[in-house]
Every structure is written in structure tokens, then in C-alpha cells.
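Engineer: Chain S: place on chain R using the hints.
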Amino acid sequence: MIELMQTGFAAVLTPYAFLIITLGVVVGIIFGAIPGLSATMAIALFLPLTYSMGPGTGLALLVALFVGATSGGLISAILLNIPGTPASIATTFDGWPLMKQGHGVKALGIGVVFSFLGTIFSIAALMFIAPILAELALSFGPHEYFSIAIFSLTLIATLSTGSLVKGLFAGALGFAFSTVGIAPVEAIRRFTFDLPSLNGGFAMLTVMIGMFAVAEVLKFAESARLSHRAKPQHVSMKGVKGFGFSMKEFVGQLPNATRSSLIGLGIGILPGIGAGTSNIVSYIVAKKRSKTPEEFGKGKIDGVVASETANNAGIGGAMIPLLTLGIPGDTTTAVMLGGFMIHGIQPGPLLFISQAPLVYTIFAALILASVLMLVLEFYGLRMFIKLLAVPKHILLPIILVLCVVGAFGLNSRIFDVWAVLLFGLLGYGFVKAGLPIAPFIIGFILGPMAETNLRRGLMLSDGNFGGFLTNPISAGFLILAAASISWHLVTVIRNRKSAAIELMRS
Amino acid sequence: MDSYKRNELIAGLAMLGAGIAYLVLTMNLPRRGTIDAAFVPWVLAVALCLLGALQLWVWRKLPDKSAEPVEKPEAIDYPTVIKSMALVLLYTALMEPLGFVITTVLYLYAQFIVLTPADEKVKHLRYALIAVVSAVLIFYIFRHGFDLLLPVGLLDF
Chain R
1 MIELMQTGFA
11 AVLTPYAFLI
21 ITLGVVVGII
31 FGAIPGLSAT
41 MAIALFLPLT
51 YSMGPGTGLA
61 LLVALFVGAT
71 SGGLISAILL
81 NIPGTPASIA
91 TTFDGWPLMK
101 QGHGVKALGI
111 GVVFSFLGTI
121 FSIAALMFIA
131 PILAELALSF
141 GPHEYFSIAI
151 FSLTLIATLS
161 TGSLVKGLFA
171 GALGFAFSTV
181 GIAPVEAIRR
191 FTFDLPSLNG
201 GFAMLTVMIG
211 MFAVAEVLKF
221 AESARLSHRA
231 KPQHVSMKGV
241 KGFGFSMKEF
251 VGQLPNATRS
261 SLIGLGIGIL
271 PGIGAGTSNI
281 VSYIVAKKRS
291 KTPEEFGKGK
301 IDGVVASETA
311 NNAGIGGAMI
321 PLLTLGIPGD
331 TTTAVMLGGF
341 MIHGIQPGPL
351 LFISQAPLVY
361 TIFAALILAS
371 VLMLVLEFYG
381 LRMFIKLLAV
391 PKHILLPIIL
401 VLCVVGAFGL
411 NSRIFDVWAV
421 LLFGLLGYGF
431 VKAGLPIAPF
441 IIGFILGPMA
451 ETNLRRGLML
461 SDGNFGGFLT
471 NPISAGFLIL
481 AAASISWHLV
491 TVIRNRKSAA
501 IELMRS
Chain S
1 MDSYKRNELI
11 AGLAMLGAGI
21 AYLVLTMNLP
31 RRGTIDAAFV
41 PWVLAVALCL
51 LGALQLWVWR
61 KLPDKSAEPV
71 EKPEAIDYPT
81 VIKSMALVLL
91 YTALMEPLGF
101 VITTVLYLYA
111 QFIVLTPADE
121 KVKHLRYALI
131 AVVSAVLIFY
141 IFRHGFDLLL
151 PVGLLDF
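Chains R and S, in that order, are what the protein sequence lines are.
As numbered in the UniProt record's numbering, the first sequence has no gaps in its residue numbers, which increase by one up to the final residue, 506.
As numbered in the UniProt record's numbering, the second sequence has no gaps in its residue numbers, which increase by one up to the final residue, 157.
Isolated chain R (complex conformation) (with noise of 0.2 Å):
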């Protein structure tokens, strides 16, 4: 291991990739702390640029992106008291207090370092569990991959949203859309409308671009006319020692900081809920573990370091089911394993025996974006609040182009670039209908594989249905899946009668 963990060091230490890495962490800071830009967009829009790199490169972008998009939420959720994305809106709870008291770059500081220290501690977690989980998957076949596939869909359904029936509806349709094309065992078309363009199914990378970038452009149109330019306030870094913070707060802060990496490592591993639910969870428990909860919520440093340390640590929890099963948890993730895709390695247990030494890369690159960001984003805070200032309608329609280009890079066909415009106006409609977007993409993404493994189930198992329930490891994926699906069930309908109570008293 420790060999392999040097050879993952050399290939990121090299000036190219540290470069690459550098920016990347740059560049995803840039799109945390752009409210309406997330860490899913800066990914879907970066995996052109990889398209020419070697892999290892490539994806070292792309996790130094991730890295540095989930922590730099927190600057606009301090400076401008708006998240920068939703994995900080539990740090804009007493991080915007703590500004307006003037205490800003001491909560911009811990915000930094907690989110490095809860970083480091998931990718320590992921690199000690990944390896065993992947050993364990290696025994796994169709009927498991199956269940884990239905178990997982069922799960980012039933959590994604408030609806049950919208949530299920959204991931059977992203199901439904990855099942043009030509169909698994078989080989005939399906839904192609004899368009040759179409043999192939929707390329992820349109599917991704326009759910989540031409969507959000079209969203941003509704209340552009009306928008009015928050202000950045004004931070003073003058005489700041360190990052701002006393070594005593600090070591006060440690178990708080060990329980919301707890907290956000296994939110993360979860498929269907990540950062966005992470921090908020995260902030409640320490909040109610408080001695002084009636502080919280008044710029207590202990919001912001429960919201920023369960935060980053989803990252290397939201990376295990990906490497180890080739499962994304979340949306990020789902783009992160497109990326793999467009480099030709499927993410799942044999990637640790065939490609050990990228698998290190990757960890090794998460580590170096890690320290970058702890660096790069605390004291290069002047030119992120520079850029917190250009505005939207310059940079939306530019980043509008950029999709365009990404989408018809893919095959050098115009084809593509409608594609994406299509699932933009979908995710749009889908924004409108209030359905979830997120279970449509690990819809689309994980249909493949629920089919394929069924087809594959079915015919080990002679045409039976039975195999999917008397192999134990799958029998209990599917068990848990109808569980969740009861559970969401019966809590839906104890609120239902609670709230006829209501009504009644009322």
C-alpha cells in the first residue's frame, strides 16, 4: 500500500498535474462560491477539458474540483449570508452572525480549516474501507448487482425530496430514458426512431450538461430582470495571524469536528443524500449536544464547524460505493463517474486489481487538493470576493457555451449539442413540476446495470426470479430497498393524520 501511495504522490507531483490540480481546486472554489453554480456543474463542464488528458490527470482534476466546490460554499455563505451551494446552508447560520460582528475572517478561517480536517479525515476513511469493500464485491454477480442497483434508486427516491410519488416517478424516468438505444443481450433497437445517432442511447455527459447547466441558465432567466447584485462585504485580513483563530478554540472545536465528520462521512456513503443533508444533520446533533444551544444561531464558531467539517468529509464517503462498486451517491459523484467513463475504466472492485496504481492517483490527488484548498482558499480569499462580484447574466451565458462546446466535443456532432439542450428544457420542466432531478440522472445512469444484471440474473437462474431472492447479499438489498419504500410510507402517513388533527383544531 505504501508503495502504491508513493507511486500515486510521483504522478500528481509532477508540475503538469500539480498544475492542473491547482487550478482545478481554484476553479472549484470559484464555482462553490457562485450561488447557482455547484460542484455537479463545474464537474459536467470540466470533463471536455480532460478528454485529451491521460486518466490519471484527468480525474485528478476532477476530484480537486469536487474538493474545492464543496468547501467554497462557505465563502459566500459568510460573506453574502447566501449558500454558495447547499452543502453550506447550516453555515450561513452563525457563520453570517459572526460576520456581521465582525469576527469574518475568523469564521472564514475555521470554515477553511475544519473543511480541510474533515477532508483528510474521509479520504483516510475511504482509503482504509474501500479496499476491504472492494474485496468483499469481488464475489458479487448479476444478482447482486442487481439488488444493490434497485436498493440504491429506491434510496436517492425516497430521500430526495418530499414527494415519494415524484421522487420514484423521477428515477423510473431516468430509467426510461436509458433504455434507448441498442438494448443489452439482445442487441435490438430500442426508441431510436431509426436515427442512427440514437443507436448509441443519450450520451450521461448531455443527459448531466443540460439537467444541470441549461437548466439552471433557464432558472436564472425567470428573476434575472429583477435581480438585484448582492454586495460582498468587505473583510480586512490585516493582522491576521495564521487563519485567524486561537489554538484553544481550536482544540475546543475537536469533538465537535470529529462528530460531524462522523456525521458526514456516513451521510455520504449513503446513496441518494450527501453534503447537501450532511451539514444541516450535522448542525442539529451538535446544537442539541451543545451545553449552550440557545447560542447557536448568534455566531457560535461551533455552527460553522459542524456544517463545514460534515460537508467535506461526504467527499471521500461519497467516493467508497463509486470506486468500490462503480454506484454514484450522489449527483457529483454520478458526473465524477462519467468522467471515468470517457477514460475507459468502469469504477467497481476489479478497478482496485487492475488499476491499483490510478486508484492511488486518485487518493493521492485528493490529498494535494485537500492542502491546495486549505492554502489557495484562505489566503487568496481577495480574489474569490473579486469574482463573487461579476455578474450573473455575463457569466451564465458564457458557461450556457461552454456546455455547448462540452456537449459537442463528445463526438464532434451537433447532434449531442441538441440533446443537451433537450434534457435542458427537461430539467427546467422538471424544476417547474417540482420533481427531482437527482434521481432521474442515477436513474439514467444505474438502468443500465439494474437491466443488464436482471437479464444476466435471469439467465443463471434459468428464466427464475427466485435467484434474486435466495442469494442472501441480494435478498437483503432488496429487502432493505422495500423497507425504505415502507418506511417513507408510514411516516407519510403520520403526517398526514397529524396534520388532518391540525386542520381540525383549527
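Rather than coming from a laboratory, the hints here were simulated on the basis of the structure.
Ideal Cβ positions, reconstructed from N, Cα and C, are used throughout, including at glycine.
A hint or two may mislead.
Said to hold, decoys possible - Selected chain R positions facing chain S (Cβ under 8 Å, derived; list incomplete):
(1) TYR51
(2) SER52
(3) PRO55
(4) GLY409
(5) VAL431
Structural biologist: Relative to the frame of chain R, chain S by itself:
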């Protein structure tokens, strides 16, 4: 009917419509036994239709007036959305005949104007400059840095 309930109705109809459309397409797939290439699409089509119907059923159960005081809905500027959609469609349609640089400059310039907040002035010169610089820069970076053959169209340089 309040706007929330109307939205839920439209969502339900769209969901059921998508389900039925997929079902019709699935019915046209050739069959070769119970478990064949059409099996999963059938399961999905039925699931989509059922979920769409369920959404309409949930809609029927919604109270006519929301119990909670409805927050004032944010004004949505649909003309700007439609203009932006039209620009993006035109941009894509014209890219091959006119080439990447020309269409991108035109698209960016027009889109900047469309999205400019009402209380800010449209700065024509600055917009034009940003549009030209971004288009040329993106073209050069991708064409020469990343070997991406973006359409050159009329400007064959």
C-alpha cells in the same frame, strides 16, 4: 384554485402523459418471450403510468386552499425565459452553417442584453467586447489546446 394546486395538476398530467407516451412506444417493440428486450420497458411504462395516476389522485385530495398562509409567490419573468430559450435554439441551429465563433459572439451579445437586470444599463460596447473575446478565446483553447474540431463555418481561418 390556488397556484400550488394548479401546478400539482399540471405536474400530474405531464407525468401521466410521459408515462402513456412511453407505454405507446413500448407497445411497438417486438416481443420474443416474457423476458426479452421489451420486458424492462414494459415494467417502467406501467410504473410511470401508475405513478402519474397516483400524482393526480394525490392532487384530488389536496385542499382547495392551502392550510398555511401562502407566501407571496415570487414573480416569474416568463418572457425572459422564452427569449433565452429561443436564443439557445437559434444558437444551436446556426452553429454549423455560420460557424462557432460568429454564432457564439451573436448569441452571447444577445443573451447578455436579455438577462441584464432592469435596473442596470445595457452596456453595448462592453457586452460586444466580452462576447468577442470569450468566443475567440474558447475557440482557440479548444481547437488548438484540446484538438476539438468546433465548426468553423464562414470564418475559415
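Engineer: Have a go at the R:TYR51 hint: is there a Cβ in chain S nearer than 8 Å to its own Cβ?
Structural biologist: Holds, because the Cβ-Cβ distance from R:TYR51 to chain S comes to roughly 6 Å (cut-off 8 Å).
Engineer: Hey, does the R:VAL431 contact hint survive, CB to chain S under 8 Å?
Structural biologist: R:VAL431 check fails; min Cβ-Cβ to chain S is 11 Å, beyond 8 Å.
Engineer: Quick check on the hint: R:GLY409 CB to chain S CB, less than 8 Å?
Structural biologist: holds (5 Å)
Engineer: Identify whether the interface hint at R:SER52 stands, where standing means a beta carbon of chain S within less than 8 Å of its own.
Structural biologist: At about 5 Å, which falls below the 8 Å cut-off, the nearest Cβ of chain S leaves the hint on R:SER52 intact, so it holds.
Engineer: Would the hint on R:PRO55 be counted as holding, given a Cβ-Cβ threshold of 8 Å to chain S?
Structural biologist: R:PRO55 check fails; min Cβ-Cβ to chain S is 16 Å, beyond 8 Å.
Of the numbered hints stated above, those contradicted by the structure are hints 3, 5, listed in ascending order.
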